[in-house]
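Visitor: Turn these sequences into a full structure, and let the hints steer you where they fit.
Protein chains: 2
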Amino acid sequence: MAKREVCVIGVGMTKFERCERDFTDLVREAVTDALAMAGVRPEELEQAFAGYVNGMSTQGQRALYGMGIGGLPVYNVHNYCSTGSSALHLAYQAIAGGLNECVLAFGFEKMQKGPLEKQLTGLENIAKEADKGAPPVAARMFGDGGRQHMELYGTTREQFAKVSVKNHRHSVNNPRSQYREACTLEEVLASRMVYDPLTILQCCPTSDGAAAAVVCSREFAAKHGHGRPVKIVAQAMATDKLEDFAQGALGMIGVGMSRRAAQAVYEQAGIGPEDVDVIELHDCFSTNELITYESLGLCKEGEGGRLIDTDAVTYGGKWVVNPSGGLLSKGHPLGATGLAQCAELVWQLNGMAEKRQVEGARIGLQHNVGLGGACVVTMYRRD
Amino acid sequence: MAKREVCVIGVGMTKFERCERDFTDLVREAVTDALAMAGVRPEELEQAFAGYVNGMSTQGQRALYGMGIGGLPVYNVHNYCSTGSSALHLAYQAIAGGLNECVLAFGFEKMQKGPLEKQLTGLENIAKEADKGAPPVAARMFGDGGRQHMELYGTTREQFAKVSVKNHRHSVNNPRSQYREACTLEEVLASRMVYDPLTILQCCPTSDGAAAAVVCSREFAAKHGHGRPVKIVAQAMATDKLEDFAQGALGMIGVGMSRRAAQAVYEQAGIGPEDVDVIELHDCFSTNELITYESLGLCKEGEGGRLIDTDAVTYGGKWVVNPSGGLLSKGHPLGATGLAQCAELVWQLNGMAEKRQVEGARIGLQHNVGLGGACVVTMYRRD
Numbered sequence: 000m001a002k003r004e005v006c007v008i009g010v011g012m013t014k015f016e017r018c019e020r021d022f023t024d025l026v027r028e029a030v031t032d033a034l035a036m037a038g039v040r041p042e043e044l045e046q047a048f049a050g051y052v053n054g055m056s057t058q059g060q061r062a063l064y065g066m067g068i069g070g071l072p073v074y075n076v077h078n079y080c081s082t083g084s085s086a087l088h089l090a091y092q093a094i095a096g097g098l099n100e101c102v103l104a105f106g107f108e109k110m111q112k113g114p115l116e117k118q119l120t121g122l123e124n125i126a127k128e129a130d131k132g133a134p135p136v137a138a139r140m141f142g143d144g145g146r147q148h149m150e151l152y153g154t155t156r157e158q159f160a161k162v163s164v165k166n167h168r169h170s171v172n173n174p175r176s177q178y179r180e181a182c183t184l185e186e187v188l189a190s191r192m193v194y195d196p197l198t199i200l201q202c203c204p205t206s207d208g209a210a211a212a213v214v215c216s217r218e219f220a221a222k223h224g225h226g227r228p229v230k231i232v233a234q235a236m237a238t239d240k241l242e243d244f245a246q247g248a249l250g251m252i253g254v255g256m257s258r259r260a261a262q263a264v265y266e267q268a269g270i271g272p273e274d275v276d277v278i279e280l281h282d283c284f285s286t287n288e289l290i291t292y293e294s295l296g297l298c299k300e301g302e303g304g305r306l307i308d309t310d311a312v313t314y315g316g317k318w319v320v321n322p323s324g325g326l327l328s329k330g331h332p333l334g335a336t337g338l339a340q341c342a343e344l345v346w347q348l349n350g351m352a353e354k355r356q357v358e359g360a361r362i363g364l365q366h367n368v369g370l371g372g373a374c375v376v377t378m379y380r381r382d
Numbered sequence: 000m001a002k003r004e005v006c007v008i009g010v011g012m013t014k015f016e017r018c019e020r021d022f023t024d025l026v027r028e029a030v031t032d033a034l035a036m037a038g039v040r041p042e043e044l045e046q047a048f049a050g051y052v053n054g055m056s057t058q059g060q061r062a063l064y065g066m067g068i069g070g071l072p073v074y075n076v077h078n079y080c081s082t083g084s085s086a087l088h089l090a091y092q093a094i095a096g097g098l099n100e101c102v103l104a105f106g107f108e109k110m111q112k113g114p115l116e117k118q119l120t121g122l123e124n125i126a127k128e129a130d131k132g133a134p135p136v137a138a139r140m141f142g143d144g145g146r147q148h149m150e151l152y153g154t155t156r157e158q159f160a161k162v163s164v165k166n167h168r169h170s171v172n173n174p175r176s177q178y179r180e181a182c183t184l185e186e187v188l189a190s191r192m193v194y195d196p197l198t199i200l201q202c203c204p205t206s207d208g209a210a211a212a213v214v215c216s217r218e219f220a221a222k223h224g225h226g227r228p229v230k231i232v233a234q235a236m237a238t239d240k241l242e243d244f245a246q247g248a249l250g251m252i253g254v255g256m257s258r259r260a261a262q263a264v265y266e267q268a269g270i271g272p273e274d275v276d277v278i279e280l281h282d283c284f285s286t287n288e289l290i291t292y293e294s295l296g297l298c299k300e301g302e303g304g305r306l307i308d309t310d311a312v313t314y315g316g317k318w319v320v321n322p323s324g325g326l327l328s329k330g331h332p333l334g335a336t337g338l339a340q341c342a343e344l345v346w347q348l349n350g351m352a353e354k355r356q357v358e359g360a361r362i363g364l365q366h367n368v369g370l371g372g373a374c375v376v377t378m379y380r381r382d
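Residue numbers (numbering that gives the first Met the number 0), protein chains in the order written: chain A, 0 to 382; chain B, 0 to 382.
Just so you know, these hints were derived from the structure itself, not from any lab. Errors might be hidden in some of the hints.
Here are some chain B residues pointing at chain A (derived, C-beta under 8 Å) [said to hold, decoys possible]:
#1 Leu71
#2 Ala95
#3 Gly372
Label-pair ranges, simulated between beta-carbon atoms [stated by the list, open to error]:
#4 Arg179(A) <-> Asn124(B): 36 to 44 Å
#5 Lys127(B) <-> Asp130(A): 23 to 31 Å
#6 Thr23(B) <-> Asp21(A): 29 to 37 Å
#7 Thr23(B) <-> Gln246(A): 19 to 27 Å
#8 Asp308(B) <-> Arg217(A): 54 to 62 Å
#9 Glu123(A) <-> Glu358(B): 47 to 55 Å
#10 Gly65(B) <-> Glu123(A): 14 to 22 Å
#11 Asp130(A) <-> Gly153(B): 58 to 66 Å
#12 Lys127(B) <-> Glu300(A): 49 to 57 Å
#13 Gly38(A) <-> Glu45(B): 31 to 39 Å
#14 Glu45(B) <-> Lys299(A): 27 to 35 Å
#15 Ala245(A) <-> Lys127(B): 40 to 48 Å
In this text, a Cβ means the ideal position worked out from N, Cα and C, and glycines have one as well.
Guide: Below is the structure:
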């Protein structure tokens, strides 16, 4: 059956930061802003998909009740770091399949201080290792992936560090970013070593925040005054195949699912990476951004290091990757990240990104991955 | 846009009980049985919706990897006690909207001993009250709802207790039920008082278990040899409206959302309660079954007590309600319940329910509610 066109007519996000605000307060801000940009009243929403990793089973309802929205079907969705885009993908499907005209996707997280394994149910044994001084498990996995890449392709510590320099520089222009200070290559390399090759400036910080998107049909968008809305032209979720886990450290950090999700999106859209203008990708660690250049087909396998050396992935280059500052500098409140990436791309394609605007951006690509979970890749276009 | 017909061609469930088996082992049994009944290979599944309340963010993937199924998009869905049917509702939408031909919904739970508030993230304060000897919070809420019903309509303790007698009697014929012993009205009333009017035999037990359903299009069903499959003819989710919470104890236990979800289903299907043959409804406590007779329109508001007195809701009556034994006797592993109800109805409509078969059952109704969460009502039919 033919899919319907799916549009994103409103987005919102809080500043990402460590803060004292309650999750209901964060969600209220993000959803209110998304509805205002869309020009949509809460009563027009037909379903809501709430993404978060930590918390009670029905936090989505609680957040909406807290802002006076009741009676709306809500699904609470969890997929670790790809939670936000999993909620977005369900929203996309509700519209693409023609069952709804307008739905809401939102994501949020109140994180506790400390490494990931201290915050997630079920990782108590790993958390005990962290108590004994072991590096955080995520840094170990993405560090090992980086070192495998160095061994296989000769990638250098400097090349990984350049990713952080770029994203921190981008975030100077993003008022919603947790960090907004540029740093030099020397500073990145000289910062505290967490797990080789990852220094602390190559690891995303601990963040609180929320983000939201109003997703609708083309007809609904037009009725609400959006004559030229941002469309999701393709979206795909992939998960690990069992054989991926036998591919060493790179297999463990989702390279296989990233490639498959990207490939599916390029095929669905009939648009390849060469036509993309702006990209938000999952740079939880500098190594993962560089490796993901290859998974998304921006360069051949093994050439990610050379790509960052040529300045092809920043303003003035072929693509601007992570104009928001990415997870590395903007922050990474788990459930919110996939919707914050969506917000940045929708702002960019609407020409609303102010000082960090990518000139003439028409096609955007989003990549959000969660270990042990899923990878969701999304292509946006504004004609 | 017109919805496509949605079929359930395979179901499976483990015996519900307290057990030492790991959740991956429980899921393997339920999913394997559902696929076998459907005659579907894992490679034919396009998406999976995993429901559970407790556990890591990506338990759904872990369970599938554990049985050798990788590469399948998985959404982990949470909605407290309506989690299982929330996963089922997403599966329904994937088919109804025409985006998929065949998907999997499964639910599972490994519960810890003790009241609900000891097992759920975010209820730590209530758990402390339980430590001091307060009755479990769920018993208090559904007990208060029962007492409000007594005050408003003259319902008696005996009428509530009769629900338990009926469901325990039904479960004698269900080999997957946690309890399989009939009990008398006197025994129910004389068992330990948990919270007036709820004695322990009127409260669902603590259970482990898993259940699964293979959901597909009519065309897919036909290709797999299911010429006369069970169809989901209507399904709706409703959530609390803010004004419901002002309706006293009955408002707090989801009466409003139950009514709205049922009404939506009757309208979608063009079939009313009078045409239903067999019902699985959310009898977490005896009071809730009696009150739900009214929410589902089996009788008028306030007449639930009289309905149980007339034997209209057991074999030989107008409907058979909870032939499986219901949550009260079969057990209630939170995430599995909504899919176990589905399994029972699919077996009933296929004439596969053995000693507990409802003769000539053609139309089935499912009601699954989660507090603070959602109510999902589903109507099944086999022509």
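Visitor: Does each hint fit the structure? Answer for all of them.
Guide: Consistency of the hints with the structure:
1. Taking 8 Å as the C-beta contact cut-off toward chain A, the hint placing leucine 71(B) at the interface holds, the least distance being around 6 Å.
2. Among the interface hints, the one on alanine 95(B) holds; its C-beta lies about 6 Å from the nearest C-beta in chain A, closer than the 8 Å criterion.
3. Nearest Cβ of chain A to the Cβ of glycine 372(B): about 4 Å, under the 8 Å cut. The hint holds.
4. Separation of arginine 179(A) from asparagine 124(B) is about 38 Å and conforms to the stated range, judged on CB atoms against 36 to 44 Å.
5. Taken as a hint, the range 23 to 31 Å holds for the pair lysine 127(B) and aspartate 130(A), whose Cβ atoms sit roughly 25 Å apart.
6. For threonine 23(B) and aspartate 21(A), the Cβ-Cβ distance of about 35 Å falls inside the hinted range of 29 to 37 Å, so the restraint holds.
7. Between threonine 23(B) and glutamine 246(A) the beta carbons are some 23 Å apart, a value that agrees with the proposed interval 19 to 27 Å.
8. Checked against the given bound of 54 to 62 Å, the beta carbons of aspartate 308(B) and arginine 217(A), roughly 56 Å apart, stay inside it.
9. Look at glutamate 123(A) against glutamate 358(B): about 51 Å separates their beta carbons, and that is inside 47 to 55 Å.
10. Judged by the Cβ atoms, the range 14 to 22 Å given for glycine 65(B) and glutamate 123(A) holds: they are separated by roughly 20 Å.
11. Here the CB-CB span from aspartate 130(A) to glycine 153(B) is close to 59 Å, well matched to the stated 58 to 66 Å.
12. Hint check: lysine 127(B) to glutamate 300(A), Cβ distance near 55 Å, so the stated range 49 to 57 Å holds.
13. Between glycine 38(A) and glutamate 45(B), the C-beta spacing of about 35 Å keeps the proposed range 31 to 39 Å intact.
14. At about 31 Å, the beta-carbon gap between glutamate 45(B) and lysine 299(A) stays in the expected band of 27 to 35 Å.
15. As the Cβ distance of alanine 245(A) to lysine 127(B) is approximately 47 Å, the hint placing it in 40 to 48 Å holds.
Violation of the numbered hints given earlier is absent; every hint is satisfied by the structure.
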